[in-house]
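**Q** So the protein lines, in turn, are chains U and G. The first sequence begins at 714 in the working numbering and counts up one residue at a time. The second sequence begins at 350 in the working numbering and counts up one residue at a time.
Keep in mind that the hints were calculated from the coordinates and are not lab data. Note that the coordinates shown come from a computational prediction; the quantities given were computed from them, not determined experimentally. Just so you know, even glycine gets a beta-carbon here, dropped at the ideal spot from N, CA and C. Among the hints, a few may not be true.
What the hints assert, rightly or not - Facing chain U, according to a computed beta carbon distance under 8 Å, are these residues of chain G, among others: (1) GLY391; (2) HIS394; (3) LEU397; (4) ILE398; (5) ASN401; (6) THR416; (7) PHE437; (8) GLY444; (9) PHE450.
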Amino acid sequence: SQTIHQWPATLVQPVGSPLSLECTVEGTSNPNLYWYRQAAGRGLQLLFYSVGIGQISSEVPQNLSASRPQDRQFILSSKKLLLSDSGFYLCAWSIWGSYNEQFFGPGTRLTVL
Amino acid sequence: SQQGEEDPQALSIQEGENATMNCSYKTSINNLQWYRQNSGRGLVHLILIRSNEREKHSGRLRVTLDTSKKSSSLLITASRAADTASYFCATDAQGYNKLIFGAGTRLAVHP
Numbered sequence: 714s715q716t717i718h719q720w721p722a723t724l725v726q727p728v729g730s731p732l733s734l735e736c737t738v739e740g741t742s743n744p745n746l747y748w749y750r751q752a753a754g755r756g757l758q759l760l761f762y763s764v765g766i767g768q769i770s771s772e773v774p775q776n777l778s779a780s781r782p783q784d785r786q787f788i789l790s791s792k793k794l795l796l797s798d799s800g801f802y803l804c805a806w807s808i809w810g811s812y813n814e815q816f817f818g819p820g821t822r823l824t825v826l
Numbered sequence: 350s351q352q353g354e355e356d357p358q359a360l361s362i363q364e365g366e367n368a369t370m371n372c373s374y375k376t377s378i379n380n381l382q383w384y385r386q387n388s389g390r391g392l393v394h395l396i397l398i399r400s401n402e403r404e405k406h407s408g409r410l411r412v413t414l415d416t417s418k419k420s421s422s423l424l425i426t427a428s429r430a431a432d433t434a435s436y437f438c439a440t441d442a443q444g445y446n447k448l449i450f451g452a453g454t455r456l457a458v459h460p
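Starting from the given sequences, assemble the full structure and let the hints guide the process.
**A** Listed below in structure tokens is the structure:
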């Protein structure tokens, strides 16, 4: 069966510090991968998605970047965090070729102080 | 917003009652999906209804879709305390090539 991992679960970082969140998927090959951000009590905002290694599409111009160094690894990064980067970050995958029926990881709660 | 406005924003019911949540959207869709999120956790896919379908069932869940009104409803019958969660609709809108999520309905089921 497929599983998706995210770490860390929670993170508190000072403004201006770098960020690296990692997501890995097991039990499937060549998945579509997604990074979402969820503000408190709100819906999900798609940040990045990837259909293959090294292929990243950005949805919202911002302070963040994403990379996919391996087929089942998706990394969200920032060189300098802003207060507005605080939120709940969710990684998700779907089968290749479809963005429907996405499977989500447990999320990372990021607080920037 | 582009799509997926749920109402009510919050719903509080007693165990055994039915819970109905609604979702409205603005543009033509290929399908509409409902997801559930327990507090502080990731989302779980519940059900997908295609644009040519009007109703779909899965266990205690019943989803309807009215493309003429651009709306969908999620009915949870005989609710349980364990159904307490936020419920989101997500639309596969034509031309967008991604899912667009609404802000969700927070459901509280009291024992």
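**Q** Now tell me if each hint is right for this structure.
**A** Against the structure, the hints:
1. GLY391: With a minimum Cβ separation of about 3 Å from chain U (threshold 8 Å), the hint on GLY391/G holds.
2. HIS394: OK, holds: HIS394/G within 8 Å of chain U, min 5 Å.
3. LEU397: Hint on LEU397/G: holds, closest Cβ of chain U at ~6 Å, below 8 Å.
4. ILE398: violated, 11 Å
5. ASN401: Not OK, violated: ASN401/G not within 8 Å of chain U, min 15 Å.
6. THR416: This hint is violated: THR416/G lies away from chain U, its Cβ roughly 17 Å from the closest one there, beyond 8 Å.
7. PHE437: Hint holds; PHE437/G Cβ to chain U Cβ min 6 Å, cut 8 Å.
8. GLY444: violated, 13 Å
9. PHE450: PHE450/G check passes; min Cβ-Cβ to chain U is 4 Å, inside 8 Å.
Comparing the model with each earlier hint shows violations of hints 4, 5, 6 and 8; every other hint is respected.
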